[in-house]
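S.K.: Just need the whole structure built from these sequences, with the hints factored in.
These protein sequences, in sequence, are chains A and B. Here the first sequence is numbered in the working numbering, starting from 3 and rising by one per residue. Here the second sequence is numbered in the working numbering, starting from 470 and rising by one per residue.
The set of hints was computed from the structure by calculation and includes no laboratory data. Hints may be right or wrong, so weigh each one.
As the list claims (entries may be wrong) - Which stretches of chain B does chain A cover? Using the computed rule of at least three CB atoms under 8 Å from a CB of chain A, they are:
| hint | region |
| --- | --- |
| 1 | 481-495 |
| 2 | 572-580 |
What the hints assert, rightly or not - So these bits of chain B aren't anywhere near chain A, every CB distance computed over 12 Å:
| hint | residue |
| --- | --- |
| 3 | 472 |
| 4 | 526 |
| 5 | 527 |
| 6 | 541 |
| 7 | 543 |
| 8 | 545 |
| 9 | 553 |
| 10 | 554 |
| 11 | 568 |
| 12 | 569 |
Claimed, not checked - With the C-beta cut set under 7 Å, the calculated list includes, among others, these residues of chain B facing chain A:
| hint | residue |
| --- | --- |
| 13 | 500 |
| 14 | 524 |
| 15 | 567 |
Built from N, CA and C at the ideal position, the CB exists for glycine as well.
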Amino acid sequence: AQKVTQAQTEISVVEKEDVTLDCVYETRDTTYYLFWYKQPPSGELVFLIRRNSFDEQNEISGRYSWNFQKSTSSFNFTITASQVVDSAVYFCALRRSGNTPLVFGKGTRLSVIA
Amino acid sequence: EPEVTQTPSHQVTQMGQEVILRCVPISNHLYFYWYRQILGQKVEFLVSFYNNEISEKSEIFDDQFSVERPDGSNFTLKIRSTKLEDSAMYFCASSRRLSDTQYFGPGTRLTVL
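M.R.: Structure, rendered in structure tokens:
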């Protein structure tokens with residue numbers, strides 16, 4: 003069975019602070035995919051990043067960066083110099099290879115205060 | 470940039486009524502999904518659909534639910550007799566190829582009274 007754990011239910015930071023959202027996953031598959039989605043207050047799910055299990059290279063996109071470590075089964079997400087517009091619920095998700103569904107974590111609600 | 474669209478954005482219905490939620494996946498995508506999110510909770514998988522048939526379904530997707538691709542563009546989720554606990558946000562998603570990223574629509578908020 004697959005499982006995604008986001009231990010941080012809510013995080014509150016002051017604008018311009020850096021913040022890291024934790025994600026720990028469980029799977030027995032050797033090939034799998036990890037994702038982060040953002041859900042702003044308007045409710046939609048916005049795709050942020052996808053990582054394949056065979057590619058542990060970390061990625062940076064502007065103020066966003068992701069740290070994938072298979073040794074600890076973690077896929078953490080860091081926002082540098084947070085902004086009020088980053089306020090949202092962030093979901094980490096896992097998927098096996100093939101036509102399989104996403105398994106989501108419970109999400110982390112990030113509040114960035116001006 | 471192509472998007473998944475969903476209608477209506479909000480549907481209010483009485484318990485026991487049938488509802489149909491509509492989705493238009495991205496045009497060259499072949500794999501379609503429905504997920505739901507009860508308020509304040511995580512997103513849960515309902516069903517996946519490929520080549521005009523269900524590929525996989527969760528325990529949530531019981532006999533009250535059905536999906537259909539009535540034409541080349543729409544993908545619908547029908548709930549035959551709604552219950553209070555069906556109140557949730559329903560998301561449609563699509564992907565182009567096997568194991569590709571799933572892109573989500575904006576969701577339909579279903580309220581059952």
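S.K.: Now look at each hint and say whether the structure bears it out.
M.R.: Against the structure, the hints:
1. A stretch counts as covered by a chain when three or more of its residues have a beta carbon under 8 Å from one of that chain; for the region 481-495 of chain B and chain A the count is 0, and the coverage is violated.
2. A stretch counts as covered by a chain when three or more of its residues have a beta carbon under 8 Å from one of that chain; for the region 572-580 of chain B and chain A the count is 6, and the coverage holds.
3. Residue 472 of chain B, annotated as away from the interface, has a beta carbon of chain A within 12 Å; the closest lies near 10 Å.
4. Here residue 526 of chain B does not stay apart from chain A, with its beta-carbon only about 9 Å from theirs, under the 12 Å limit.
5. Once the 12 Å rule is applied to beta carbons, residue 527 of chain B is inconsistent with being away from chain A; the minimum gap is 7 Å.
6. Residue placement check: residue 541 of chain B keeps its beta carbon more than 12 Å from all beta carbons of chain A (closest about 20 Å).
7. Non-interface status of residue 543 of chain B relative to chain A is upheld: no Cβ of that chain comes within 12 Å, the nearest being about 19 Å off.
8. Residue placement check: residue 545 of chain B keeps its beta carbon more than 12 Å from all beta carbons of chain A (closest about 19 Å).
9. Remark: the non-interface label on residue 553 of chain B is consistent with the geometry, its nearest Cβ contact in chain A lying 20 Å away (cut-off 12 Å).
10. Every C-beta of chain A lies more than 12 Å from that of residue 554 of chain B, the closest at about 19 Å, which supports listing it as non-interface.
11. Listed as a non-interface residue, residue 568 of chain B fails to keep its Cβ farther than 12 Å from every Cβ of chain A; the least gap is roughly 5 Å.
12. With a closest Cβ-Cβ approach of about 9 Å to chain A, residue 569 of chain B is found to fall inside the 12 Å limit, against its non-interface label.
13. Evaluation of the residue 500 of chain B hint against chain A yields a held restraint, the C-beta minimum of about 6 Å falling below 7 Å.
14. For the restraint placing residue 524 of chain B at the interface with chain A, the shortest Cβ-Cβ distance is roughly 5 Å, inside the 7 Å limit, so the hint holds.
15. A least Cβ separation of about 5 Å between residue 567 of chain B and chain A falls short of the 7 Å threshold, and the interface hint therefore holds.
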